[in-house]
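Asker: Residue strings, one per chain:
There are 2 protein chains.
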Amino acid sequence: MPTENKNDVAAPFLGLAEKRLRNLVDISRAFSEEVELSALLALVARRTSEAMGTERTSVFLHDPERRELWTVVAEGEPREIRMPEDAGIAGWVATRGEVAVVSDVTRDPRWNKEIDRRTGYTTRNILCVPMDDPGGERLGAFQCLNRAEGNFTQDDVTFLQAIASQAAVYIQNARLLEARKRMFDSLVDTLAETIESRDPLTAGHSRNVMAYAVGTAKKLGLPPEDVEVIRYAALLHDYGKIGLPDDILRKPTTLTPAEYEVIKKHVFYTQQILARIHFEERLKEVPVVAAHHHERLDGSGYPEALAGDGISFGGKIIAVADVFDAMTSRRHYRGPMTVPQAVDVITEGAGSQFDAETVRALKRFLIEEGRLEPDEVD
Amino acid sequence: MPTENKNDVAAPFLGLAEKRLRNLVDISRAFSEEVELSALLALVARRTSEAMGTERTSVFLHDPERRELWTVVAEGEPREIRMPEDAGIAGWVATRGEVAVVSDVTRDPRWNKEIDRRTGYTTRNILCVPMDDPGGERLGAFQCLNRAEGNFTQDDVTFLQAIASQAAVYIQNARLLEARKRMFDSLVDTLAETIESRDPLTAGHSRNVMAYAVGTAKKLGLPPEDVEVIRYAALLHDYGKIGLPDDILRKPTTLTPAEYEVIKKHVFYTQQILARIHFEERLKEVPVVAAHHHERLDGSGYPEALAGDGISFGGKIIAVADVFDAMTSRRHYRGPMTVPQAVDVITEGAGSQFDAETVRALKRFLIEEGRLEPDEVD
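Residue numbers (numbering that gives the first Met the number 0), protein chains in the order written: chain A, 0 to 377; chain B, 0 to 377.
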């Protein structure tokens, strides 16, 4: 197996412990260099095989819902392998939390021949250690196959346990982060919907604006971080409407100028409310972007009558998405416009009220979505 | 320096690489065994000193707001040491992201004598490596002081870099998790307040109920995980009021039976809404607990008329806290009761409507808070 470790030019002259130490140093560094979980584990598996002198390393994760083990990494096997949670040696290890050292698999009743039959690989010997999370819960197993020479030693076990420990900490953290993101996202989604639930006619508005704004941002080729900011800002842009009275929100006729002034305050409330949320570093622009959704390129918007570059780019995108969704939806005082009609209106405003590039990008998105015919665009 | 490593009975017979390997294995395992950050880093620092044959190891973290470095761990120094972000050798290393190997600090112009003067320690030599997060941002520095014999080698540098890498990944993850929790918590707080903002008279109600319920839960000696569930459930228990019309919410006179039926629906809405939030594993009881806040011990509550053990324990606590805050607050149709009056009412209901132990715990909390005199309690 080829190695990418530059230190290894000296490797033939080093003792086993020296080599192992270098390998473990390399593996420890890998954890801080690679961010994406499966790529990281693939790198760790390769370096583990080098260090252990084995042919292949696999990392099994436990899936408690399906009661299965699956290979997040299996060297030599591009496809994910799934098996019952207690099947084979990995299943025995993961279930009991004990180490298995098997010098000849054909003589071990725990061995699951089925996998070799499926993959066409011939397993001879196995070292498998459990992977537990810091809370002690079953996470999976780390497994080395086919040591080239000799039997696995106690030092091999200890070494593999050290790697499995590091991987476990990393995997558990990645899961906690993901779970916490899912919790936050679901609260934002639910919040956006419940705010609109006060007025059945605007139900779905924030979600629609989010879809149009994200679609537009992607068509404009914005980086994923910016798309993420726009996503949250769009979902939350009307949060301030929670402060408006029912009788104005649901008024069945055209609003009076005084009532319109009350409606306009929602942007101010949105800004005030979002300023109190401690957004993560990468999302810290969300309140500003959300607060700009009624500003207009020519300075004719509100609440600050900002113009041109004074308006955040995300704000310009949400402004177009917001107007477009409002026009194509029914309101208490009017019916919905068709998509081509609404596109005509925003196209007329392109360059004056709306950012022209943004308007073009939204049209490309609508065409892609099958909501607009290419020939309906100027 | 004494060691707690059981393997070290064999240590005198091992070569340097073998010892280092064992140390690194131990350190890797420490990361999966210790959960609390500063305790973990203290353990890692001690093992690093053993492995490096140095007197002390310190871990410096960068504080971007105060533009300082501070010691999250400094062996031999129980107090935190703070210094300007670019001061001394650690500052040089953290700022430049480069390694410093200093065999005689008195001959190095970067050395900051001030720390030794403050601590009474005499530094002779230093190995210091930067700690960067996976995104490449400056996190701090890992520093070993006073190697017993000889000079620091390239292997020492590589070894310390491996440890610093592992620590960096761990610290960065802990921070991301904390930031994500803060973001979620601030959204929950903001949400609780904004829902109440529709009716000025109930402003602060969810926060008050949270304070009473958490105070009661702690007096009952509940474990921190349960207190956490109660905290979120209390803050969100009236979320469903977002679905109620203004004219009933703010009605200045007593509600008609029909209007009261509408009000009662808010518990159902709360339950429906919270069921859509993907709470983390440890918080998954929040929707159930929140949905029980109008159930009564004797089955006279709503929406499900549950009784006794059919009601979650957290639900019983929030029920008492909710009634107590409602009675001691002004409402559109009545003035506030005094604390002793309200305590009398819940005491009367203890054992029938309310859990008696919970009522006693709330009273103990109110006495502790100086809201109730001990002799005002039966």
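Bear in mind the hints are in silico, worked out from the structure with no lab data behind them.
For each residue, glycine too, the CB sits at the ideal point set by N, CA and C.
Treat the hints loosely; a few may be bogus.
Said to hold, decoys possible - Computed, partial: chain A to chain B, Cβ under 10 Å:
1. GLY14
2. ASP25
3. SER27
4. ALA29
5. GLU32
6. GLU113
7. ARG116
8. ASP132
9. THR157
10. ALA163
11. ASP184
12. PRO244
13. ARG329
14. ARG330
Asker: A separate judgement is required for each hint: does it hold in the structure or not?
Answerer: Evaluation of the provided hints:
1. GLY14: Holds. Min distance 6 Å.
2. ASP25: Holds: closest Cβ of chain B sits about 8 Å from ASP25 of chain A, inside 10 Å.
3. SER27: Status holds, d = 4 Å.
4. ALA29: At 8 Å from the nearest chain B Cβ, ALA29 of chain A passes the 10 Å test, so the hint holds.
5. GLU32: holds, 7 Å
6. GLU113: violated, 31 Å
7. ARG116: violated, 35 Å
8. ASP132: The hint holds - ASP132 of chain A has a Cβ within 10 Å of chain B, the shortest such distance being about 8 Å.
9. THR157: holds, 6 Å
10. ALA163: holds, 9 Å
11. ASP184: Holds, about 8 Å.
12. PRO244: holds, 6 Å
13. ARG329: violated, 21 Å
14. ARG330: violated, 20 Å
The structure does not agree with the numbered hints 6, 7, 13, 14 stated previously, though it agrees with the rest.
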